[in-house]
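> Next come the chains, spelled out residue by residue.
Number of protein chains: 2
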Amino acid sequence: MASEDSTPAPPTPVPAPAPLEVQAAATKDAKETKLPSRPAAVVLKTPKGTQDWFGADMIIREHLFQTITNVFKRHGGSPLETPVFELKEILAGKYGEDSRLIYDLQDQGGELCSLRYDLTVPFARWLAMNSKDRIKRYQIAKVYRRDQPAIARGRFREFYQCDFDIAGVYDAMIPDAEILCIVVEVMEALKLDITIKLNHRKILDGLFTVAGVPADKIRPISAAVDKLDKMAWADVKKEMIEEKGLSEEIADKVGEYVQHSGTIQETVDYIKADANLSANDDIKAGLEDMTLLNAYLGAYGVVDKVSFDLSLARGLDYYTGLIYEVINKPAVAEAAAAAGGKGGKSSRKGKKEDPASQVGSIAAGGRYDNLVGMYGKRTIPCVGISFGVERIFTILKARAEKDQRTSEVDVYVMAFGNKESDGLLLERMAVANQLWKADIRAEFSAKVKPRGLAQYKSAGDIPIGVILGEDELAAGQVRLKVLTADSKDQGQLIPRENLVEEVRKLLAQL
Amino acid sequence: MASEDSTPAPPTPVPAPAPLEVQAAATKDAKETKLPSRPAAVVLKTPKGTQDWFGADMIIREHLFQTITNVFKRHGGSPLETPVFELKEILAGKYGEDSRLIYDLQDQGGELCSLRYDLTVPFARWLAMNSKDRIKRYQIAKVYRRDQPAIARGRFREFYQCDFDIAGVYDAMIPDAEILCIVVEVMEALKLDITIKLNHRKILDGLFTVAGVPADKIRPISAAVDKLDKMAWADVKKEMIEEKGLSEEIADKVGEYVQHSGTIQETVDYIKADANLSANDDIKAGLEDMTLLNAYLGAYGVVDKVSFDLSLARGLDYYTGLIYEVINKPAVAEAAAAAGGKGGKSSRKGKKEDPASQVGSIAAGGRYDNLVGMYGKRTIPCVGISFGVERIFTILKARAEKDQRTSEVDVYVMAFGNKESDGLLLERMAVANQLWKADIRAEFSAKVKPRGLAQYKSAGDIPIGVILGEDELAAGQVRLKVLTADSKDQGQLIPRENLVEEVRKLLAQL
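Line by line, the protein sequences are chains A and B. If you read the first sequence in numbering that gives the first Met the number 0, its first letter stands for residue 0, the second for the next number, and so on. If you read the second sequence in numbering that gives the first Met the number 0, its first letter stands for residue 0, the second for the next number, and so on.
Simulated from the structure, these hints should not be mistaken for laboratory data. Treat each hint with caution, since some may be false.
Said to hold, decoys possible - Not everything, but these chain B residues come out facing chain A in the computed CB check (under 7 angstroms):
(1) P46
(2) W52
(3) F53
(4) K72
(5) P82
(6) V83
(7) Q105
(8) W125
(9) E157
(10) Y169
(11) I173
(12) Y299
(13) V408
(14) L425
(15) W435
(16) K446
Computed from a prediction, not measured in an experiment: that's the story for all the values here. Beta carbons are placed, not taken as given, at the ideal position from N, Cα and C, and that holds for glycine.
Based on the provided sequences and hints, a complete structural model is requested.
Have a look at this one:
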């Protein structure tokens, strides 16, 4: 198990099973050293980097997924479900050196398969297989990476990705603007205070060219610039000069450009005011896009949520246009308050990779017009967003911790009375059934004769009690009572036929 | 790929990669025989026995899962989510000879893992790891079996299971009755006409004993009896005598008993009327359970949905009490109408296995009080139900086929007018945004200047159109129109500020 604690090594050939005589020898050794000869007890745990989810956590997670799904559907998103494993060759060559993190299935005869590493490659494979030219698809599903887990920081080997992508040929920036509108709607529904940092690959590349960065150094310099949200400019500059071999003059020019940010209009004006920049063809094309985007975000009323930040680069090579990262403002403020700047940023390889590992970044994406072409004959331009749901879950959980319920049941049906001998079980069943038929969530003690106080305890954090007594039932009545700890409510007697209506009223008030 | 077409063989050791010189030789051969020297194009498909889900199918599947989830939550069920793979040793020894169908992950260093084969073992592992004594948990998730797929018949290698189980010590038959109540609620919500066949393992075993079946033949004879829903009695009898070595006299006695079915009360009375049967201790204990169950199902008003059928045996060894199968009545009628009785039933190994492969059976389960004890020190009695959701999906799909929508969007925002030159894009965006903010699902053409008819086509089966014109907008109005094919509706002009309200009214009428 020691090998588990180091960074995963590249896949090594699976060793053949030990020959029988070696196995026998091992068994003999075990006996001689007085190890127990019975098979060791099975260790009860989930595999490394995975966990079970239950109770209060699941309530928060379901709320999160439901909120996001509602917004996706509101915008015409259709769910796509793909198998958890793909043919190995579908994933081959898509993730660079991170391919070593892919989980392979054992060769048990038949096809060689691997667990999906993200949701983008399966989507691209599906697009290439099907005849859809235009599609808004979303997928919320688990992906698998043999990475070093850090569960406390929300880094798992099995974790959810939550992607919305618009594929197809449309007029410029219309889908891009809708993606940003979706981001704002999701974050407002989750009550998260965010800023969306924007940039445009063509503008960024043009800017490097104008500054004098050689073509073959644009991607490495871009990667260095991308660290500006974690490192001081002086350190980034040092990396550019010492590690990437840029001259100090060019590095300073790059620094001058990329440290600019502001509203879309401000940054567009800043670039236009520079004759060198505004003469570059890539930059011209990018500015056209950004001007359209500004108008469209205005129509959606979300223009104040974005910042056009020339230092945003995103790690991935395949972005071709608009790129964005969603920043959780309180998290950034908190991080800034803590002692600043140390700690490297983890790898950003893999599309829309790991926003959760970046301070404050809880969603990210961009336009990638050439990726789908890798899988088939047709090229389908795409723009998308991936929500870092494990990170968002951590934020929601921290916020909810105090009064988070562990049950979603609304009513507990109890029996009380003078005669402890009669638990009124059939009557409790019938009343619970009355509530179920009205789609009200209800439980009762699964004892024939439960004790009174035990029923209160079993009710847990269920907010409403319906209390049955023999005399009240004979009079066609039941007692309704708020069960919260601080309630002095003695309850009210109501006609049994009004129970559903009265419970609904009470629930609406809670 | 030929090996894929035979029944999966037991797992074989993974062959080590071919030595480099062998690989090189193979490449050389390929060149010499004029095979293309470029790597072969990747085959775009999902792995055998799996498929993507999208569009109309997903709408039906989400409706199915949501309906079941609602009922589960109404009864206090809590969702449990477990990893898609478990430590290999957790699954070891749990599935008998079907273990060969388990998918293993490749050994890439670290722990050895396998994909889950069902949801019961992960649940039992979770119960053994945690301190919960009583729990109603549900899980709707995919499981994996390297079985021979038959996708047309709904048999996949990756498929959903949908389990609700109540674990813990409660008074007799109270959880069992609630499970059956849940079944009826789910089936009513899905508008499926069902019967629940019931039996009790103690009664069945007692009955075999009284008939004279030797103790070591009870399970094999039970398995033969279980085929009575597919085979004629004469054939089952033949199997008992010729294959299982029962005497004709004992076989006839078994046949006399197990061919009885009726209401719970009728079958209880039938057994009580037989002095031999009612003297057996197992049968006495079973009759007590069935009498309680009858009373509880009466309180839930579902007693008319069940049939106490002494031929129901269920394949699994570990059931200890009540067992049940849910029969889709129209499917049974259809099968009876077709030429009768041929075709063997597929294996029933594995807990709550494969109800979809049995004619008409769409859910199944029972009480298993000793299973959890296998994984830990504590024994936790359980009772549960597994819905055959792939089979139920097939039924729902066949029913829905005619008018099933492929989109869930409610409103399409369009622009028309005299001036083809102006597509009113910003206005369409603003109106769509107005609808989104009100949680109404809306789309519009992602073109700056879409043509009028093209917009109608793009609307597809979206039921409501909002039509913008320059003059109307200037007057603060928009046109609302039903878009269904047979609609003669010319639409109505409404004030734009009433749009949300009017759309909601129209949606409520559709």
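> Next, verify each hint and record whether it holds.
So, going through the hints one by one against the coordinates:
no. : hint : in the structure
1   : P46  : holds (5 angstroms)
2   : W52  : holds (4 angstroms)
3   : F53  : holds (5 angstroms)
4   : K72  : holds (6 angstroms)
5   : P82  : holds (4 angstroms)
6   : V83  : holds (6 angstroms)
7   : Q105 : holds (4 angstroms)
8   : W125 : holds (6 angstroms)
9   : E157 : holds (5 angstroms)
10  : Y169 : holds (4 angstroms)
11  : I173 : holds (4 angstroms)
12  : Y299 : holds (5 angstroms)
13  : V408 : holds (5 angstroms)
14  : L425 : holds (4 angstroms)
15  : W435 : holds (5 angstroms)
16  : K446 : holds (5 angstroms)
Violated hints for the displayed structure: none, as all numbered hints are satisfied.
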